[in-house]
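Please put together the full structure from these sequences, using the hints given.
Chains A and B are the protein sequences, given in the same order.
1 is the number of the first residue of the first sequence in the numbering used here; add one for each residue after it.
1 is the number of the first residue of the second sequence in the numbering used here; add one for each residue after it.
It is worth saying that the hints were derived from the structure and are not from the lab.
Derived list of chain A stretches under chain B, where covered just means 3 residues or more per stretch with a C-beta under 8 Å from a C-beta of chain B: (1) 96-110; (2) 174-180; (3) 385-394.
From a predicted model like this one, the values you see are computed outputs, not experimental measurements.
A virtual CB, placed ideally from N, CA and C, is assigned to each residue, including glycine.
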Amino acid sequence: MNALRNWAMAAAASAAALFAGAANAVEIEYWQYFFDARVAAMEQLIENFEAANPDITVTMTHFPYADYRTKVAAAIPAGEGPDVVQLFYGWLNDYVEAELIQPLPTDAFPPSMIEEEFFPMVQAMKRGDAYMALPTAVRSLALFYNERLFDEAGIDGPPETLDELVEIAKKLTKRDAAGNITQVGITAGMNAQDHHWWREVLVRQFGGDPYMDDYRTVNYNSDAGFKALEFYLGLARDHGVTAFGFMDEPQAAFKAGRAGMHIDGSFRIGSLNKTRGLKWGVTELPAGPDGTRSNYSSYWVNGITTKATGEKYDAAVKFMAYVTSDEAMQIWLDVVGELPAKPSVGMTEANANDEVFGPFIRGLAYANTTKFANESGQRQILMDMVQRVDIEGQPLGASLDEAAVAEQALLDEYYN
Amino acid sequence: MGFYKNLSIRQKQIVWAWAFLALPVVFYVVIRFYPTGNAVLISFQDWNLLGDRTWAGAENYLKLWHDPVFWKVFRNTFAYLIIGTPVSLVISFVIAYHLDKLRFMHGFLRMLYFLPFMTSAVAMAWVWRWFYQPVPIGLFNNFLAAVGIPQIEFLRSTTNALPAILAPAVWAGLGFQVIIFMAGLRAIPKSYYEAARIDGVPWWTVLFEITIPLLKPTIVFIVVFSSIGFLRIFDHVFNMTTNDPGGPLNSTKPLVLMIYQSAFTDFDMGYAAAQTVVLFLILLLVSLLQLRILRDR
Numbered sequence: 001m002n003a004l005r006n007w008a009m010a011a012a013a014s015a016a017a018l019f020a021g022a023a024n025a026v027e028i029e030y031w032q033y034f035f036d037a038r039v040a041a042m043e044q045l046i047e048n049f050e051a052a053n054p055d056i057t058v059t060m061t062h063f064p065y066a067d068y069r070t071k072v073a074a075a076i077p078a079g080e081g082p083d084v085v086q087l088f089y090g091w092l093n094d095y096v097e098a099e100l101i102q103p104l105p106t107d108a109f110p111p112s113m114i115e116e117e118f119f120p121m122v123q124a125m126k127r128g129d130a131y132m133a134l135p136t137a138v139r140s141l142a143l144f145y146n147e148r149l150f151d152e153a154g155i156d157g158p159p160e161t162l163d164e165l166v167e168i169a170k171k172l173t174k175r176d177a178a179g180n181i182t183q184v185g186i187t188a189g190m191n192a193q194d195h196h197w198w199r200e201v202l203v204r205q206f207g208g209d210p211y212m213d214d215y216r217t218v219n220y221n222s223d224a225g226f227k228a229l230e231f232y233l234g235l236a237r238d239h240g241v242t243a244f245g246f247m248d249e250p251q252a253a254f255k256a257g258r259a260g261m262h263i264d265g266s267f268r269i270g271s272l273n274k275t276r277g278l279k280w281g282v283t284e285l286p287a288g289p290d291g292t293r294s295n296y297s298s299y300w301v302n303g304i305t306t307k308a309t310g311e312k313y314d315a316a317v318k319f320m321a322y323v324t325s326d327e328a329m330q331i332w333l334d335v336v337g338e339l340p341a342k343p344s345v346g347m348t349e350a351n352a353n354d355e356v357f358g359p360f361i362r363g364l365a366y367a368n369t370t371k372f373a374n375e376s377g378q379r380q381i382l383m384d385m386v387q388r389v390d391i392e393g394q395p396l397g398a399s400l401d402e403a404a405v406a407e408q409a410l411l412d413e414y415y416n
Numbered sequence: 001m002g003f004y005k006n007l008s009i010r011q012k013q014i015v016w017a018w019a020f021l022a023l024p025v026v027f028y029v030v031i032r033f034y035p036t037g038n039a040v041l042i043s044f045q046d047w048n049l050l051g052d053r054t055w056a057g058a059e060n061y062l063k064l065w066h067d068p069v070f071w072k073v074f075r076n077t078f079a080y081l082i083i084g085t086p087v088s089l090v091i092s093f094v095i096a097y098h099l100d101k102l103r104f105m106h107g108f109l110r111m112l113y114f115l116p117f118m119t120s121a122v123a124m125a126w127v128w129r130w131f132y133q134p135v136p137i138g139l140f141n142n143f144l145a146a147v148g149i150p151q152i153e154f155l156r157s158t159t160n161a162l163p164a165i166l167a168p169a170v171w172a173g174l175g176f177q178v179i180i181f182m183a184g185l186r187a188i189p190k191s192y193y194e195a196a197r198i199d200g201v202p203w204w205t206v207l208f209e210i211t212i213p214l215l216k217p218t219i220v221f222i223v224v225f226s227s228i229g230f231l232r233i234f235d236h237v238f239n240m241t242t243n244d245p246g247g248p249l250n251s252t253k254p255l256v257l258m259i260y261q262s263a264f265t266d267f268d269m270g271y272a273a274a275q276t277v278v279l280f281l282i283l284l285l286v287s288l289l290q291l292r293i294l295r296d297r
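Shown next, in the form of C-alpha cells:
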C-alpha cells in the first residue's frame, strides 16, 4: 500500500515538473550543414547555453553540405525553417535582398563594438546601420605536410618559399617502374582548395591583383596571372611532382599518406586528427618570389531569420549573443579547429603560437576574402581553365583569357 | 439524396466509377499536372528561389539557344541515347535468347543478371568510379600497369569519360531488359517453332522470320523504355564525377544534370525550368517517333 502511494506521488510530481517545464520553454530551431566537428561543437554550445538559460530549448537540424543551401532556401520562404541559421558569407546578399534574415538589434550588437572587436573582414556583413549576421569562426589556408614522408626523404623542415616547395616536392615524389606516379610531392586539384590558392595567393605573389572594383571585374588575365598559372600547372607538367586527379581527391591522397604536402583549410584539422597512423605538421603558405605572403579567408555567419518573432526572437538574440561570445569562439577553435573571429581570442599568446592553429591564425593577418557572386560557378571556371590545358592541350594564355571572359560574364549577370 | 435515387442503374454505376476514380485523378492533378504547369510558368520567369518571381518573357529560352554549354549537353544526351539504347538492346536480347534455351542453373543465372538492376545506382557508380582511377588505386589501371600496358585515363578524358560512365549504366539496366525479353520469348506459341522444324528451316530463318517479328511488341516496349531512361540519365554521371559534375569540360554532362546545376548550384530556377520544358519536348518527340516507326503496319 505504501509502495503504491509513493509511486503515485512520484508520478504526479514528475508530471508536474514536466508540464511546468513545457509551459515556460521557448523552443528555437538552429540549422547548419553536417560536418562532424561542427555538429559536435554546436552541441556543446547548445548545452552550455541551455544550462545558462533553462527556459530556452535549442533544436539543431543539420543536412549534408550538398543539400544545405537548397533546403535553407526552400524552407525559410515557406515559414518552415530555422530561427537562427548558418549561412556562407557569400550568400548574404541574396538573403538580405529577399528579406529572409533580419538585422541584429543594435542595442545588443552595437556596430561600433563589432568593428572594434572583430577581425576587419567581418565588416562585409554590415548593411546600413546594422549588422545582418556575425561569424563564430573564420578560416584560412595553410600547408599541411606528412612528417613521416619528410623524415624518410631526409628533409629538415617545410618549405618557406615557392622555390623550396618545388625542390622538396621533387624529393617526395615516387613513381613505379613504368613511370606511373604512386606518391605525389604535393596534391593538386582546383576542385579542392587550390582555386583559392591560385586566385588569392599565387596571382598576388606573382605581382597581380586578381580582381578590381570590389571583385566585380576580373583582372587575372595579366602577366601575373599567366605566371601564376604557369607555376601551378608546372608542378605537374614541368616538375612532375603531382598529378591532377591523383587518388580521386587531394585530401584523400594526403590522408592515405600518399602525398607529401597538401594545401587545405583550417576545417580539415579535425578530420586529419582522426586519421590513424598519419603524422602531420602544418605551416604557413610559402612566400612568393619577392617574399609576398597572402592567404584566403572565408567564414560562415549566423543570422536571425524573419521567421523568429516575439519570444522566439528574444531567445534567438540571446542565442546569437552566446555563439559570438569569446567562450563560444574558444570552444569552436578547440573542437572544429576554426579560427576565432575576434583578435581578442585568436591573438592570445597560446593560440597564435599554437603548433597547429598558429600558422592559420598568422595567415589571417594578410588574408584576402573573395567576394563571390557564385562560388561554385567561379570555381568551375578555374577548374575548366586548368583542364583545357591539362587534358586538351590548349595554350596557357588562351585558356587564361577564356576563363577571364567566362568569369566576367558570370559577374556581369549577377551584378547587373 | 433524392437526386441519387432517381438515377438509373447505369448512371449509378457511372457515379460509383467516378467516385473510385477520383482518388487517382486528384493525385495526378496535384502531384503531376499542377507542378508541370507551374514549371512551364516558371520557365518564363526569373526566380532565385529566395526572392519574388518576376516576368522574364522568352529570355530564358533565348539564353538557352545562345548557351554553348547547352548544345554540348544536348549532344551528350543524344550520345547516351544513341549508343546506350542499341547496345543494351542487342546485349540483352543475346543473353535472353541463350538463357531461354538453358536449363542448367537457369534460375541462378537469371538472378545474377537481375542483381545489378536491384543495386543502388549510387553505390554502383562509386564502385565503378574507383575501378576507373589511375594507379595506385584504380583496379583497371593497376591491372594494365601490372602487365606493362600504359594507363588509360577513363574519367579524366574528354573522349573516354562518356563511354566509361555509360558502361555501368547499360550493365545496370540489363537485368530488367533480359527479364522482359524472356517473357516475350515465352509468349511466342510453340506451334510456330514446331511447324518450322517440320519444314526443316535453318536456325537463322527461325530467328529472323519467327522470333524477332513476333517479339516486336516487346522490342517496342524496351526501346521506348530504355530511351527514356538514357535521356534522363543522372545518377551515374553525377556520382562518378562529383568533383566536377558532368566534367571534365562538360564532356559527360547530360541535360538532367545541367538542369540540376542551374537550379541547385546557380539558383536560376527560370533557366532550369526552361531546360526542363525542352527535355519534356524531346522525350515526347522521341517517344512518339519510336512508336510511329515501330508500329504495326
